[in-house]
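Visitor: Produce the complete structure using the sequences and hints provided.
One-letter residues, chain by chain:
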Amino acid sequence: MKTFPVIDIKHHSAEIKSIYFKQIEPDIYPGQFFNVWLPGVDEKPFSISDVFQGIMEITVKAVGPFTRALVAVERGDFIGLRGPFGTHFTFHHHALLVGGGMGIVPLRYLARMLRQQGFHFEILLGARCEKEIPFQNDFSEWAPTTFVTEDGSLGYQGQVTEYIHEKIRESKLSFIYSAGPEAMLIRVMEEAKKAGLNYEISFERYMKCGIGICGQCVVNGSGIRLCKEGPVLSRNMAETVTEWGIPHRDATGKRKV
Amino acid sequence: MKTFPVIDIKHHSAEIKSIYFKQIEPDIYPGQFFNVWLPGVDEKPFSISDVFQGIMEITVKAVGPFTRALVAVERGDFIGLRGPFGTHFTFHHHALLVGGGMGIVPLRYLARMLRQQGFHFEILLGARCEKEIPFQNDFSEWAPTTFVTEDGSLGYQGQVTEYIHEKIRESKLSFIYSAGPEAMLIRVMEEAKKAGLNYEISFERYMKCGIGICGQCVVNGSGIRLCKEGPVLSRNMAETVTEWGIPHRDATGKRKV
Amino acid sequence: MSDLLETLFLSKIYQSPLVLASGVLGLTADSMRRVLEAGAGAVTTKSFGLEPRKGHACPVILPYHSGLLNAVGLSNPGVDEMVKEIKKLHQESKGGIFASVFGKTPEDFGEVTKKACEATPDLIEVNVSCPNVASEFGAPFGADEFSVANITRIVKKAAGDVPISIKLTIHCPSIEKMARVCEENGADALTAINTVGPGMLIDTGVMKPILANKVGGVSGPAIFPLALKAVWEICANSSLPIIATGGVRTADEALQMIMAGATMVSIGSGIYYKDIEIFTHINQDLTAWMEARHIHSLETIRGAALE
Amino acid sequence: MSDLLETLFLSKIYQSPLVLASGVLGLTADSMRRVLEAGAGAVTTKSFGLEPRKGHACPVILPYHSGLLNAVGLSNPGVDEMVKEIKKLHQESKGGIFASVFGKTPEDFGEVTKKACEATPDLIEVNVSCPNVASEFGAPFGADEFSVANITRIVKKAAGDVPISIKLTIHCPSIEKMARVCEENGADALTAINTVGPGMLIDTGVMKPILANKVGGVSGPAIFPLALKAVWEICANSSLPIIATGGVRTADEALQMIMAGATMVSIGSGIYYKDIEIFTHINQDLTAWMEARHIHSLETIRGAALE
Ligand SMILES: Cc1cc2nc3c(=O)[nH]c(=O)nc-3n(C[C@H](O)[C@H](O)[C@H](O)COP(=O)(O)OP(=O)(O)OC[C@H]3O[C@@H](n4cnc5c(N)ncnc54)[C@H](O)[C@@H]3O)c2cc1C
Ligand SMILES: Cc1cc2nc3c(=O)[nH]c(=O)nc-3n(C[C@H](O)[C@H](O)[C@H](O)COP(=O)(O)OP(=O)(O)OC[C@H]3O[C@@H](n4cnc5c(N)ncnc54)[C@H](O)[C@@H]3O)c2cc1C
Ligand SMILES: Cc1cc2nc3c(=O)[nH]c(=O)nc-3n(C[C@H](O)[C@H](O)[C@H](O)COP(=O)(O)O)c2cc1C
Ligand SMILES: Cc1cc2nc3c(=O)[nH]c(=O)nc-3n(C[C@H](O)[C@H](O)[C@H](O)COP(=O)(O)O)c2cc1C
Ligand code: FES
Ligand code: FES
Chain A
787 MKTFPVIDIK HHSAEIKSIY FKQIEPDIYP GQFFNVWLPG VDEKPFSISD
837 VFQGIMEITV KAVGPFTRAL VAVERGDFIG LRGPFGTHFT FHHHALLVGG
887 GMGIVPLRYL ARMLRQQGFH FEILLGARCE KEIPFQNDFS EWAPTTFVTE
937 DGSLGYQGQV TEYIHEKIRE SKLSFIYSAG PEAMLIRVME EAKKAGLNYE
987 ISFERYMKCG IGICGQCVVN GSGIRLCKEG PVLSRNMAET VTEWGIPHRD
1037 ATGKRKV
Chain E
787 MKTFPVIDIK HHSAEIKSIY FKQIEPDIYP GQFFNVWLPG VDEKPFSISD
837 VFQGIMEITV KAVGPFTRAL VAVERGDFIG LRGPFGTHFT FHHHALLVGG
887 GMGIVPLRYL ARMLRQQGFH FEILLGARCE KEIPFQNDFS EWAPTTFVTE
937 DGSLGYQGQV TEYIHEKIRE SKLSFIYSAG PEAMLIRVME EAKKAGLNYE
987 ISFERYMKCG IGICGQCVVN GSGIRLCKEG PVLSRNMAET VTEWGIPHRD
1037 ATGKRKV
Chain F
198 MSDLLETLFL SKIYQSPLVL ASGVLGLTAD SMRRVLEAGA GAVTTKSFGL
248 EPRKGHACPV ILPYHSGLLN AVGLSNPGVD EMVKEIKKLH QESKGGIFAS
298 VFGKTPEDFG EVTKKACEAT PDLIEVNVSC PNVASEFGAP FGADEFSVAN
348 ITRIVKKAAG DVPISIKLTI HCPSIEKMAR VCEENGADAL TAINTVGPGM
398 LIDTGVMKPI LANKVGGVSG PAIFPLALKA VWEICANSSL PIIATGGVRT
448 ADEALQMIMA GATMVSIGSG IYYKDIEIFT HINQDLTAWM EARHIHSLET
498 IRGAALE
Chain C
198 MSDLLETLFL SKIYQSPLVL ASGVLGLTAD SMRRVLEAGA GAVTTKSFGL
248 EPRKGHACPV ILPYHSGLLN AVGLSNPGVD EMVKEIKKLH QESKGGIFAS
298 VFGKTPEDFG EVTKKACEAT PDLIEVNVSC PNVASEFGAP FGADEFSVAN
348 ITRIVKKAAG DVPISIKLTI HCPSIEKMAR VCEENGADAL TAINTVGPGM
398 LIDTGVMKPI LANKVGGVSG PAIFPLALKA VWEICANSSL PIIATGGVRT
448 ADEALQMIMA GATMVSIGSG IYYKDIEIFT HINQDLTAWM EARHIHSLET
498 IRGAALE
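Top to bottom, those sequences are chains A, E, F and C. Using the working numbering, read the first sequence as starting at 787 and increasing by one per residue. Using the working numbering, read the second sequence as starting at 787 and increasing by one per residue. Using the working numbering, read the third sequence as starting at 198 and increasing by one per residue. Using the working numbering, read the fourth sequence as starting at 198 and increasing by one per residue.
Please note that a few of the clues may not be correct.
Here are the simulated DSBU-like pairs of lysine-lysine, each with C-alpha atoms no more than 35 Å apart in a straight line [stated by the list, open to error]:
| # | chain 1 | residue 1 | chain 2 | residue 2 |
| --- | --- | --- | --- | --- |
| 1 | F | Lys281 | A | Lys979 |
| 2 | C | Lys405 | C | Lys251 |
| 3 | F | Lys471 | E | Lys808 |
| 4 | F | Lys374 | A | Lys1014 |
| 5 | F | Lys411 | F | Lys281 |
| 6 | A | Lys1014 | A | Lys847 |
| 7 | A | Lys979 | F | Lys284 |
| 8 | F | Lys354 | A | Lys1014 |
| 9 | C | Lys301 | C | Lys251 |
Simulated from the structure, these hints should not be mistaken for laboratory data.
Guide: Listed below in structure tokens is the structure:
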């Protein structure tokens, strides 16, 4: 663990900010995460939202004590970083990227990479309102993008999941990447299965060590660790998980009920 | 430290034996030494006397408790080896190799390497009697070799040092390598200086760690460690030593008087 | 797996002398089953107490160049949850299951043991030596012979037919004496060692200790010689079987532990360095070593380095 | 060398906070002069006693993946020889010279100190904590508060004007309490820590411990977090200046020690890893770090991690 100075900050909304560091490791892939340490506060996992020209970026939404402290950091502050950890998305042609809420974050770096490789892909992003969808310009510029918001403030009104089926059929897409709330992921997997498509999904559990030893992030079924064999799971891996949609383990390791 | 099985043994005389191991390190140069551990006995430094076709050899003379135990080992015994340690001879054309007593040992591997490189060199070896000169055949085969023994049992009768001057003049040699008793080395250095020749000498002090930290093998003057900046010293290095011919430090670190 | 590695420990035969150490991947049946499938003869659960505990804030685990620091702070879901996981694991696997327990008071140790034994683990391992909770519970029990004797008696009684092992720390006046104290008070086995220290690392950017708990126990490669020495010293002075723990990553290191007298060899931090397959690989390398030397049972080399 | 690194320690200014630790290259004036020339602010002699000692048979020093084991057994040429070397070094160098002393009995400590002070070292460092001679002299004095108090008083008296530092081990019931005991009994400074353990390594080929002495103290990278924690704990509880020792190989590690409150930082095993130039390189890196942060004296960051 080492601390690094924040070199820049970008405000997406009052609650969502991107924080920039110089790139601290040579190989960082979309879907991987860093453990971010706020000295004196805590350490939590955050997806990499971009790596570009020697600069890396994480994007944070203030939802609780830690993320509130994290969005309050200033340029020049020293922040601890350990990583990159975990598995990453692999590259496929004709993919649909389905992101919900802060699940949009890892898809941003994935989209940049897919575009760099010259792959065709499309994007479907949903959130509660317009303000909760960062990187709108990048996404729209890089690929055909559909926005869905619960309040209709951007794009269609409703839930992303309502549009997956249609998107796949319309555009002859053959692979799905998805990240976001678990309820959404369950629907994505169902749709993919119905359409006979392969997919990679990224999903979250409470994490502590990030390096596969504390056991905190293990999911039931095959007993895989989401910090090590995840957070990005292939279809095969995802199908070994038996705890979809049930309450997660908290800091004690006990399931919330 | 690891132990390795003895794969062969060769008797040069009742007191002098060569012990063979598979080559345990890729790069071993003439003049370097290994720390040899006899489990339950002690650990002492020994020059490498040969590395050839994946086999390495040390050559030991029984002079005290440890070396007596070492010449008694048998094929298949496990012996500990740490190394190679220390500096090594560098290669020069038209050299004279001057060896006395067990100083002959490191020169054997040097002679093999010089011959392999196709360098011209000559050899001058001395000991008390014929039995104390191992590798006579190899030396004679590889280069013009002069033997000198105190009792005249091989070659000239007398001391090697009496023949150095003559050798240099006769054969237009321009570099000297030497290893052996300190009194001999002092004479070699005098002769070399007189003749304006460059040289490398190898000489011994009581050693413990072999890795430059215990301070046991430090010589007065520049304070160099013979296990690290030695045992092979260039002329420049040798000239920084101010304790030639005076009593050495023993196991306590105190000078014998 | 070849049966060369079969190991008799407290009247039960394990497929391998290798054990998953407490605190690493020991929270759920599924993750422990993965470790058994990779080749461990037994797994030890994360230490649990009567109530769920959140443990310390993060970072709780910190790798450094020579090992790991951890101050997990005994976070655990509590005995009721863990009993369910142990029962589940029993149904799904034949491998050994060691339940690691701790308590805030000697009486707690007894109560949690009694409850844990409902799941009929193969062993109750008694964590008297965790350095991470010292500030809350006072100095670790493991440093004090009187406390250890007392806890040993209480747990032994509570465990009924289930054998018990006391997990020792090197941070006591004499580990060999502590081993004798455990033996005299009814321990069936000993586990040595727990983490060392604690230690600390400071970030020079913010000039603060990195672990939220400031200090954490040292495990992994760094402590291997300390663990080996402890095992060797205990084995020279006690006839109890030993579960050796501390810094093991290779078959050679596992063999050193066995030559020092250990019966079982447990691995925690090794998973950070070589992942879960460490059990598979060490089993393979141990088997190859034994075959090359025509050794048919680890029994023949156990304690060889004790003279 | 830039004077950014000038460090005031016990009323004397040293060119660098870096010190050569006792037992490494500290036998002769010439080798210590080399270390001073490489950039150490001071050198500590090998610990010496009244009489010459041969020490243990070899191997006495054994590198392993995370550090070194040593059981040199306090081999030393005796105080008379060492006084000559210290005098010689004084004539040839302006660097600091710390004389490390040990004794078989508390009275020995006093006698050897009195003799050592004839050479007017800058400090008497009192090695009460060497684990390698325990079997000969009984348990190391360093574990016992009463012994340490007694030796501190005796050495303080014998040292006259020369200040004294007691070298502590982590193997005592409480290092912070031990620090207070030293302070109360007249110590001018503290050195922390000595080697850890001891530990052991076994060769699986011959199935024997490798060190002739079987066990040896652990030093080097492995122990850095243990040393740092000890320094931090002592500094939080004592106002004496500290010579921090244990596993330092880089400027970052030296800074961690200083942020934990150390005044001087000493380096032993680091010489195995980075050779004698380690002093030159750490000085350079410390200077660069200070310049980048506009820090003009290490005083401003000393103890920063204590809050
Ligand atoms: C692999 C991974 C990648 C992530 N990437 C991002 C990202 O790019 N941007 C972002 O804003 N958030 C991301 N998160 C979620 C982020 O870690 C949590 O939002 C954050 O930890 C909440 O902490 P808090 O104290 O602010 O909120 P709390 O009030 O403590 O918790 C709010 C929510 O976050 C979850 N959470 C709390 N602590 C953790 C933890 N240690 N590990 C995982 N989940 C936790 C809780 O279960 C709860 O659902 C990611 C999580 C994971 C596991
Ligand atoms: C770099 C180096 C290379 C050597 N190469 C060879 C070699 O190739 N063949 C060979 O036969 N001998 C070699 N020696 C010498 C060999 O190490 C000693 O002969 C041996 O250690 C003697 O041990 P002993 O117990 O048999 O005799 P002892 O009775 O203990 O001593 C006999 C002589 O050996 C010296 N000696 C003893 N212990 C050591 C020690 N730890 N380090 C150095 N010298 C010691 C003594 O000072 C004395 O002069 C070498 C020594 C050094 C330093
Ligand atoms: C992350 C972590 C958590 C641990 N938690 C526990 C625990 O709950 N109970 C326990 O008895 N030991 C615990 N330990 C100690 C280990 O069981 C083991 O004794 C120690 O780490 C040394 O072994 P190793 O070097 O193989 O890890 C933990 C160790 C680590 C690294
Ligand atoms: C080979 C060796 C010999 C040592 N001899 C002594 C000694 O004589 N007296 C002493 O106080 N400490 C001795 N030590 C301990 C060191 O001074 C130091 O406290 C310890 O090694 C930790 O520092 P390091 O990790 O930088 O080596 C010795 C250490 C080593 C490695
Ligand atoms: S967070 Fe520790 S194992 Fe995944
Ligand atoms: S033998 Fe130890 S320094 Fe040379």
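Visitor: Look at each hint and say if it fits the structure.
Guide: Against the structure, the hints come out as follows:
no. : hint                 : verdict
1   : F/Lys281 / A/Lys979  : holds, 33 Å
2   : C/Lys405 / C/Lys251  : holds, 23 Å
3   : F/Lys471 / E/Lys808  : holds, 29 Å
4   : F/Lys374 / A/Lys1014 : violated, 42 Å
5   : F/Lys411 / F/Lys281  : holds, 34 Å
6   : A/Lys1014 / A/Lys847 : holds, 24 Å
7   : A/Lys979 / F/Lys284  : holds, 34 Å
8   : F/Lys354 / A/Lys1014 : violated, 41 Å
9   : C/Lys301 / C/Lys251  : holds, 15 Å
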